[in-house]
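Enquirer: Listed below are the residues making up each chain.
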Amino acid sequence: MDLDLSAPHSMGTTIIGVTYNGGVVLGADSRTSTGMYVANRASDKITELTDNVYVCRSGSAADTQVISDYVRYFLHQHTIQLGQPATVKVAANLVRLLSYQNKNMLQAGVIVGGWDKYEGGQIYSVPLGGTILRQPFSIGGSGSSYLYGFFDQAWKEDMTHEEAEQLVVKAASLAMARDGASGGVVRTVTINAEGVTRKFYGGDTLPLWHEELEPTNSLLDLLSSSVPEPMST
Amino acid sequence: MGRMTDLPTKGGFSFDLCTRNEMLLKNGVQMPPFRKTGTTIVGLVFQDGVVLGADTRATEGPIVADKNCEKIHFMAPNIYCCGAGTAADTEAVTDMVSSQLQLHRYATGRESRVVTALTLLKSHLFSYQGHVSAALVLGGFDVTGPHLHTVYPHGSTDTLPFATMGSGSLAAMSVFESKYREGLTREEGIELVAEAICAGIFNDLGSGSNVDVCVITKGKTEYLRNYQLPNPRTYISSKGYSFVKGQTEVLSTKITPIQPKVEAVEAGDAMEE
Numbered sequence: 001m002d003l004d005l006s007a008p009h010s011m012g013t014t015i016i017g018v019t020y021n022g023g024v025v026l027g028a029d030s031r032t033s034t035g036m037y038v039a040n041r042a043s044d045k046i047t048e049l050t051d052n053v054y055v056c057r058s059g060s061a062a063d064t065q066v067i068s069d070y071v072r073y074f075l076h077q078h079t080i081q082l083g084q085p086a087t088v089k090v091a092a093n094l095v096r097l098l099s100y101q102n103k104n105m106l107q108a109g110v111i112v113g114g115w116d117k118y119e120g121g122q123i124y125s126v127p128l129g130g131t132i133l134r135q136p137f138s139i140g141g142s143g144s145s146y147l148y149g150f151f152d153q154a155w156k157e158d159m160t161h162e163e164a165e166q167l168v169v170k171a172a173s174l175a176m177a178r179d180g181a182s183g184g185v186v187r188t189v190t191i192n193a194e195g196v197t198r199k200f201y202g203g204d205t206l207p208l209w210h211e212e213l214e215p216t217n218s219l220l221d222l223l224s225s226s227v228p229e230p231m232s233t
Numbered sequence: 001m002g003r004m005t006d007l008p009t010k011g012g013f014s015f016d017l018c019t020r021n022e023m024l025l026k027n028g029v030q031m032p033p034f035r036k037t038g039t040t041i042v043g044l045v046f047q048d049g050v051v052l053g054a055d056t057r058a059t060e061g062p063i064v065a066d067k068n069c070e071k072i073h074f075m076a077p078n079i080y081c082c083g084a085g086t087a088a089d090t091e092a093v094t095d096m097v098s099s100q101l102q103l104h105r106y107a108t109g110r111e112s113r114v115v116t117a118l119t120l121l122k123s124h125l126f127s128y129q130g131h132v133s134a135a136l137v138l139g140g141f142d143v144t145g146p147h148l149h150t151v152y153p154h155g156s157t158d159t160l161p162f163a164t165m166g167s168g169s170l171a172a173m174s175v176f177e178s179k180y181r182e183g184l185t186r187e188e189g190i191e192l193v194a195e196a197i198c199a200g201i202f203n204d205l206g207s208g209s210n211v212d213v214c215v216i217t218k219g220k221t222e223y224l225r226n227y228q229l230p231n232p233r234t235y236i237s238s239k240g241y242s243f244v245k246g247q248t249e250v251l252s253t254k255i256t257p258i259q260p261k262v263e264a265v266e267a268g269d270a271m272e273e
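So the protein sequences, as listed, match chains S and Y.
If you count the first sequence from 1, position 184 lands on 184 in this note's numbering, and the numbers rise without skipping.
If you count the second sequence from 1, position 31 lands on 31 in this note's numbering, and the numbers rise without skipping.
The following block holds chain S by itself, in its conformation from the complex:
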C-alpha cells in the first residue's frame, strides 16, 4: 500500500446526529486521513457555528473547514441583524446554499444540529450535492454504511438524554470497528435549552465488538505467552 502523503486531507469519518426529548446529541469519530496515513488521530469534527448550532463535518477537511468558517461569519452577522439567536433551520440552509452553489468544487457531507426556542432540537442532513433534509436522526461519512441497519433497529422516538448519548457512542464505536477510515476517539456534543455539553470517550472506554482484541502494548505479549524453547546448536 503506497502512503500518498500528498493526497488531500479527507475525513473518512463516521458522523451521527440524533434528536431526543429536549434537544440533540451529535457524535463523531476523530480520524483524519491523508491517503493511507492517519494525519490526525484526535481531530474534532464537531464544529461550533453559533452557541446553539453545531455541525458534524465529513468529506474534505479543507472544504468543510472553509464552509464552517463562512457560515459562522454569516450567522454572526445574521444574529446581530435579527437581534436574537439564529434558528437551526437558517444555519442549515446557509450551509446548504454554499454546498449546492459550489457543488462542482466541494466534497462536503455535513450534519447540522442544534436547539432553538421555536422548534426545539433539530437535525438537518446536508450531504454531497447540497440537498437539505430534516430528519429525527441522521448518519454520514464512510462509516455510516455500517449503521443503517443498526439504526433501523435501535432508533426510537422520544429517548431520554442518556439513551440518546449511549446510542450515539455505541453506533460510532460499531462503525469505527468496521470502517478503516474511521477511528480514534468518540466525541459527542449535546445541545438543549440549558446549553451545550461536550463529552469525550477515549478509545479504551469504548466497547469491544466481535473479534476485536483488548488494547495491549504489543502483540508480542500475546504471541509469546509460553516460555520459549532454549536455543540449541
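Derived by calculation from the structure, the hints in this document are not laboratory data.
None of the values given here were measured: they were computed from a predicted structure.
We put the CB at the ideal spot given by N, CA and C, even for glycine.
Some hints could be false.
[Unchecked claim] Coverage of chain S stretches by chain Y, computed from C-beta distances (three or more under 8 Å per stretch; other residues unrestricted): (1) 14-21; (2) 31-37.
[Stated by the list, open to error] Restraint ranges, calculated between C-beta atoms of paired labels, are given here: (3) Y:P62 / S:Y100: 43 to 51 Å; (4) Y:T234 / S:P215: 43 to 51 Å; (5) S:G129 / Y:P62: 39 to 47 Å; (6) Y:D95 / S:L97: 34 to 42 Å; (7) S:W209 / Y:N21: 24 to 32 Å.
Based on the hints, put chain Y in the right spot on chain S.
Expert: Relative to chain S, chain Y alone:
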C-alpha cells in the same frame, strides 16, 4: 470560493510561456524537477510554550540542492513556521503572511496572534486548491497562550499538542508517539524534538544534514540554528589543501590581448536646467 470575474483586456496572465513549455515538452526536453524540501518538520507544546524543529536538506529530485537550508521561517517575533513541500511555495507563502501580520500589528497596535497567521495561511492555500504545495507546522506564543497548528496544502488545519510533517513525518511521529507526554520541561522538549528530527534525518532519504530548533515561550524566542550537527564531513584533510604554482603541468600557452574598442561619440546638446 469560485467566482467568475472577467479577464481585463490589458494585463492579466500572459500564457506565452505555457505554449513554449508545451513545445519544449513535445521536443523531448524534460521539465526540471521542483526544488522540494523533502523534509522532516516537527513541533510540540511543552509546559512553557512550543518547540519547533526541522532538518536542513533541500532536494531537487535525487540531488541535494542545499545541505544547510533554513526551514523554520519567521512569521512574527512570537510566531515561527516550519515549511515542507515545494521550497518556493513555503518561502513565498510564509513571507507573504509575515508581511501581512506586520501590517496588521501596525493597524492594531498589538502582538500578533497565532490564529491570525493560521487564518491567513489557510485562506490563501484553500483558494489555490492545493496547487501551492506548502505543508506547514505553525507554532507560537501569544496573549492566549501557546499554540501549535499544522496547515495542509489544500487549506485544512489541525490543532495538536505535537505534530510532524514532510516525507520524514512518519519517522518523527513514531518518536513522538512513544515519548511525548504533557508538561515536558524545556530541556526535555528540545531533546525530544531533536530526537524526532534525527529519526527523520537518518531514516528518510528526503531529509538530512542538521537539526534546527526554535523555542518560543512567553516574551522570548530562541532560534537555535544548527542545534545539532549529526552529519559532519568525514575524512577532512587536517593539513588542508594547497595548490602550489607549478603543480599543474602546462601543456601549451596562447595569449590573446583584448583590443579595446574606443569610438568617439559626438557630444549631444548639453543638458539644460
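Enquirer: Which hints from the list above does the structure break, by number from lowest to highest?
Expert: 1 and 7
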